[in-house]
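Q: Each protein sequence line maps, in turn, to chains A and B. The first sequence maps to residues 1 to 460 in the numbering used here. The second sequence maps to residues 1 to 453 in the numbering used here.
These aren't lab readings, by the way, just hints derived from the structure by calculation. Keep in mind that this is a model prediction, so the values were computed, not measured. Any given hint might turn out to be false.
Listed next, the in silico BS3-like pairs over lysine-lysine satisfying Cα-Cα at most 25 Å (straight line) [as the list claims (entries may be wrong)]: (1) A/Lys148 with A/Lys331; (2) A/Lys397 with B/Lys281; (3) A/Lys158 with A/Lys289; (4) A/Lys331 with B/Lys168; (5) B/Lys281 with B/Lys360; (6) B/Lys59 with B/Lys25.
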Amino acid sequence: MATHTFDVVVIGTGPGGYVSAIRCAQLGLKVATVEDDRPGGVCLNWGCIPTKALLRNAEVVNLLGHAADFGIKLGGFEVSYPEAVQRSRRVADRMAKGVEFLFRKNKITLFPGRGTLKARNVVEVTGAGGTESLEARAVILGTGSEPKSLPGVTIDEKVVISSNGAVRNERHPESIAVIGAGAVGVEFADVFASYGAQVTILEALPRVVPVEDEEISKELARTFTRRGITIKTGVKVVSVKPGGAGVVVDLGGEKLEVERVLMAVGRGAKVAGVGLEAQGVQIERGFVKVSPTMETSVKGIYAIGDMAGPPLLAHKAMAEGVVAAEAIAGKSPRPVDYGNVPSCTYCRPQIASIGLTEARAREGGRDVAVGRFPFTASGKAVALGETEGFVKVVADKPTGEILGVHIIGPEATEMIHEFAVGRTLEATLEEIIHTIHAHPTLSEAALEATLAALGQAIHI
Amino acid sequence: MAVTKVVMPKLSDAMETGKIIKWLKKEGDRINGGDILAEVETDKADVEMEAFGAGVLRKILVPAGEAAPIGALIGVIAEPGDDIAALVASAPAGGAGAGSAAQKTPLRAEPAPAPPAGAASAAQQARPASSATSPAPASAAPRPAVIVSAPAVAPAGLGQGNQAGRVKASPLAKKIAAQTGVDLRLIQGSGPGGRIIRRDVEAAGSGARVGAAAAMPAVAPVAVFGVEFEDVPLTQVRAAIARRMPLSKGPIPHFYVSSEVAMDRAWELRDQLNALEGRPKISLNDFVIRASALALLKHPGVNASLQGDAIRIHHRAHIGVAVALDDGLITPVLRDCHAKPLAQIAVEARDLAERARHRKLRAQELSGATFSISNLGMFDVAEFSAIINPPEGAILAVGSVRRMPVVDDTGLGVGRRMMLTVSCDHRVMDGAMGARFLQDVKRLLEEPLRLLV
């Protein structure tokens, strides 16, 4: 068994791991990465990126469906779901190759195989080519997460699928029940519905996208319902059993017969099989416990990304990866600001948010100012023919502090960063309103919502 | 063909440099003699600068916001055809150096402690910075520029005027500071580049609470945090005080004479006078001014100053009345107090104090005092002694009027008493002279009807 020595070994090359590895290399450290799938992790291969490709297809299908609105007469058109999936695979492949390129560029050694901690500073890699031992000053763990299921329901990736199966499966279902109305659930609901499936969303909580602001949930439910998606909130799934056209979902009284079920009830950290217990790495509520510099309870072992706790978002993992790398390199990085992580959902209309919801902001009796601006009043949105949704700004009335921003509508996920930057710089409503926003843009809606919070909106 | 050099005028006794606040005329404007060219901030006040020649303001050499020593060339008035190139070229860049007109107003021999022009302009910049985006009125007040430093921070920028101007703080931090009364200048920022961010202000705000908790009998060590020190650049006024006071207390041998004055009658008279309809409000300090003026006439030896090998005895009582400002004090001069009735003194003193606080005094109101009065009565000060403001020979320090037990012929009673302390230049006068003067002031105040006749 060959032994290699590095400064840092990174287990897992998802967005947390590969960013961390590159940052380490930039800081002059000798870096090895260990990956038992393709570089890029779930994000590039099975998550963020391929689903965005599928959602783009869904968007194009929808747009073609509305060609007549633009005075374009199509003599009908055909869509091919298998080709949509194939396109998404090509997109994912290209991005994964990009990570491999970045590793070469930064002289990062990739060890394909499964990495396990053998000692505080030793990682054993078991791959197709045998076993290798890597010794390092520091180890960064970024093993990620995997889809969870409901008790008693097995994900077979045939009739009961997870997001993993959903991005791979080229067969488009006639009908599907999506269990869980979080980001993954509503994104796939959008894709399937756009390709003509009968989609039923089942959510145990009283509303869709339950972590978002209540008004956002309401708006999404309204537009989804209008597009023919059935939404059942506050329902409890009693069982999921084979039968009928494929699966029978028992909602305790009502039974739902569908061809397929997408299990989108959340993801759990992958903390088993890495050797954490043997090294004494502390786990708390299913996630690895870390310090502000991402170090675990064991000196020299760092954990980042989904396994290190919520929110389970690629960009949060990347930020943590940078912090871990800089801490290892002896710098004193600024810890991740978990209160300022944007959250994006790419269904149509898109949803993006940052900070507190209005309800959370009002908890504790804070004096809150709220400003809203609908895209129906935005010239750019009307010109685009994308007038669903609004921008909602939640601020602290006495100081003008921007407590939270909630956007639903066209390109919401691109618009949120104005507020992310603003919040990082501790800008208040006034700095936003004194920033000239180009006309005509969707971002003007951000300006107007901010003005509205001060009672000064011009265009509404 | 008349080329007029515009030089930084000497607008007060102590003035060494002046800062152009703004030019009221611009290059190309036709100027008549006596026109107001610019507003100048001196060590004492903001004053208007007149033109002494006619022509066209051809060139401004010291822009608004910059300072120049007295005598320095700051502009040129000439006819359009006149060649001023050589004159302009002779002026040092930025106008901060001594001008070519130095012979007109002899510069002092000692090294001028004039701040570099950059320091003045940095201080100027500090003001818009604090009010640029914030509508909160509390935070818009001009503040002196400040450098904050803590031991953990390399003191690279300390004392460098160009870094002194801005307090780097996030907009939110500024607002919270304004609302919670936290002074941003006293906070060490933890954001990028030392920027003060919200948590710094909140930590500073809770510092008071931490301190209170520490007062309880706890064993835990007190967390001491916050800045170790700060360097606040001297304002013009402060710089003048700092420069001039050692010239007083050092070389001038002070002696002090104190006396307690029964103010019951003056108090009563003041109330009676103020109850008269249509009369100006009169303060006890006006009584003190009037009493001092009358006593000075009677004791000209106190109304005197040392002039080299002579003692100059003044026969008119021009009394400087110290007015506290936020950043120092200023002593506008109330002329011919001996000849003015109490009501007029009251009106003029109030007007001078008011304008002093707004820096609206004229140059001639700032010089020529023969004696000064400093009253700290409003601060509940029992007594104190003041430092002589040269070239004056004495200064009267006035404490507050306090109700206290007094013994008179009938026994123990309650009376109003006030402490007066006169500081005298021993080179000019002796103890007995000061005592006699004070005795007269006391008598006038204790028999205040004398002040009305």
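Q: Hint by hint, say whether it matches the structure.
A: Status of the hints after comparison with the structure:
no. : hint                   : in the structure
1   : A/Lys148 with A/Lys331 : violated, 37 Å
2   : A/Lys397 with B/Lys281 : violated, 45 Å
3   : A/Lys158 with A/Lys289 : violated, 35 Å
4   : A/Lys331 with B/Lys168 : holds, 24 Å
5   : B/Lys281 with B/Lys360 : holds, 22 Å
6   : B/Lys59 with B/Lys25   : holds, 11 Å
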